[in-house]
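First to last, the sequence lines map onto chains W and R. Residue numbers for the first sequence follow UniProt numbering, so the first one is 1 and each next one is one higher. Residue numbers for the second sequence follow UniProt numbering, so the first one is 1 and each next one is one higher.
Derived by calculation from the structure, the hints in this document are not laboratory data. Source: prediction; values computed, not measured. A portion of the hints provided could be inaccurate.
According to the in silico footprint, chain W covers these stretches of chain R (three or more CB under 8 Å from chain W) [said to hold, decoys possible]:
| id | segment |
| --- | --- |
| 1 | 17–27 |
| 2 | 47–54 |
| 3 | 138–144 |
DEER-style ranges, computed between Cβ atoms [stated by the list, open to error]:
| id | chain 1 | residue 1 | chain 2 | residue 2 | range |
| --- | --- | --- | --- | --- | --- |
| 4 | R | 55 | W | 39 | 54 to 60 Å |
| 5 | R | 19 | W | 128 | 33 to 39 Å |
| 6 | R | 86 | W | 168 | 53 to 59 Å |
C-beta atoms are modelled at their ideal positions from N, C-alpha and C, and glycine is treated no differently.
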Amino acid sequence: MSLQPEVSKTDHIQGKKDAKIVIVEYGDYQCPYCGAAYPVLKEMMEKYGKRIEFVFRNFPLSEMHQYARPAAIVAEAAALQGKFWEMHDAIYENQEYLDEAFLLELADKLGLDSRQFNMDIKKSELAAKVDSDFESGVMSGVNGTPSFFVNGRKFNAGADDLLQLMSEIVK
Amino acid sequence: MLKKNDIAPDFTLFATPDQKIALSEFKGKNVILAFYPADWSPVCSDQMALYNEMLKFFKKYDAEIFGISVDSKWCHMAFSQSRNLHFPLLADFEPKGEISKKYGVYNDTEGECNRALFVIDKEGIIQWSYLSPMAVNPGADGILEALEKL
Numbered sequence: 001m002s003l004q005p006e007v008s009k010t011d012h013i014q015g016k017k018d019a020k021i022v023i024v025e026y027g028d029y030q031c032p033y034c035g036a037a038y039p040v041l042k043e044m045m046e047k048y049g050k051r052i053e054f055v056f057r058n059f060p061l062s063e064m065h066q067y068a069r070p071a072a073i074v075a076e077a078a079a080l081q082g083k084f085w086e087m088h089d090a091i092y093e094n095q096e097y098l099d100e101a102f103l104l105e106l107a108d109k110l111g112l113d114s115r116q117f118n119m120d121i122k123k124s125e126l127a128a129k130v131d132s133d134f135e136s137g138v139m140s141g142v143n144g145t146p147s148f149f150v151n152g153r154k155f156n157a158g159a160d161d162l163l164q165l166m167s168e169i170v171k
Numbered sequence: 001m002l003k004k005n006d007i008a009p010d011f012t013l014f015a016t017p018d019q020k021i022a023l024s025e026f027k028g029k030n031v032i033l034a035f036y037p038a039d040w041s042p043v044c045s046d047q048m049a050l051y052n053e054m055l056k057f058f059k060k061y062d063a064e065i066f067g068i069s070v071d072s073k074w075c076h077m078a079f080s081q082s083r084n085l086h087f088p089l090l091a092d093f094e095p096k097g098e099i100s101k102k103y104g105v106y107n108d109t110e111g112e113c114n115r116a117l118f119v120i121d122k123e124g125i126i127q128w129s130y131l132s133p134m135a136v137n138p139g140a141d142g143i144l145e146a147l148e149k150l
């Protein structure tokens with residue numbers, strides 16, 4: 001199973017651009033397994049981020065997690081103000097408080113322009129971005145969250161194994 | 001296990017405590033059958049949760065999806081409610097595993113069906129089938145590729 005479409009400008013990227021190692025996570029903001037993976041991925045990027053390009057794509061399981069999709073939209077709206085990763089991190093760091101009111105609070109805390117933000121979260125483009133991430137995940141063989149791809153190939157294990165792999169291959 | 005170009009054996013199974021569904025009612029539609037070992041077990045739940053999110057994608061291909069396991073209609077009802085599922089789970093319960101056996105996906109050792117997927121076309125002919133390792137959630141990319149080819 002391979003990643004489609006490939007990583008592009010429309011993706012949220014951190015770490016080193018055009019690195020030899022490209023990791024893509026498909027995640028759900030309300031998924032407890034994604035929450036558990038978050039600090040591990042954070043550690044991975046702190047240690048090896050100079051050699052890794054890391055991408056996050058939305059894969060909200062909305063029927064199971066009622067705030068997953070609103071959270072994804074809010075992170076996309078934050079991205080429009082250049083604060084995607086700040087929002088992404090803030091949500092995962094406070095996952096147990098996640099609900100719609102808390103998401104608005106986070107937007108405020110991150111200093112987002114609230115008028116702009118409130119307009120943006122209603123935009124159909126943001127919903128379409130979340131849908132298109134989801135669809136790309138399905139077509140790439142995502143079968144649950146979090147799912148990882150390393151250089152376009154599905155990595156059939158968790159964040160701990162990914163960290164272990166990076167500790168072996170990043171010199 | 002039945003393969004491409006086999007005729008999909010018809011069945012009538014409980015979908016809710018008082019309603020049965022027959023495969024033959026869906027002639028003229030594409031049908032996805034997802035055999036899975038058991039309600040509540042972690043991998044199955046992820047798999048059904050994934051399909052639950054994908055109903056609109058299946059609809060694009062004029063396809064209906066049914067989950068099938070040997071669990072009873074009451075067990076299915078509780079599982080379905082707990083996971084907020086919006087597609088039917090069929091109970092291959094009595095005689096146990098009869099339909100799974102017809103499709104060649106019954107596991108005698110476990111007394112459950114294997115994790116197997118079938119895509120059936122509008123004429124009732126199997127166009128794609130896939131047996132997944134028991135512990136692996138097969139995702140949906142294979143289903144979508146098969147639907148794309150119809």
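Hints and how they fare:
no.	hint	verdict
1	17–27	violated (count 0)
2	47–54	holds (count 6)
3	138–144	holds (count 5)
4	R:55 x W:39: 54 to 60 Å	violated, 34 Å
5	R:19 x W:128: 33 to 39 Å	holds, 36 Å
6	R:86 x W:168: 53 to 59 Å	violated, 43 Å
Going down the numbered hints, you'll see the structure goes against 1, 4 and 6, while the others check out.
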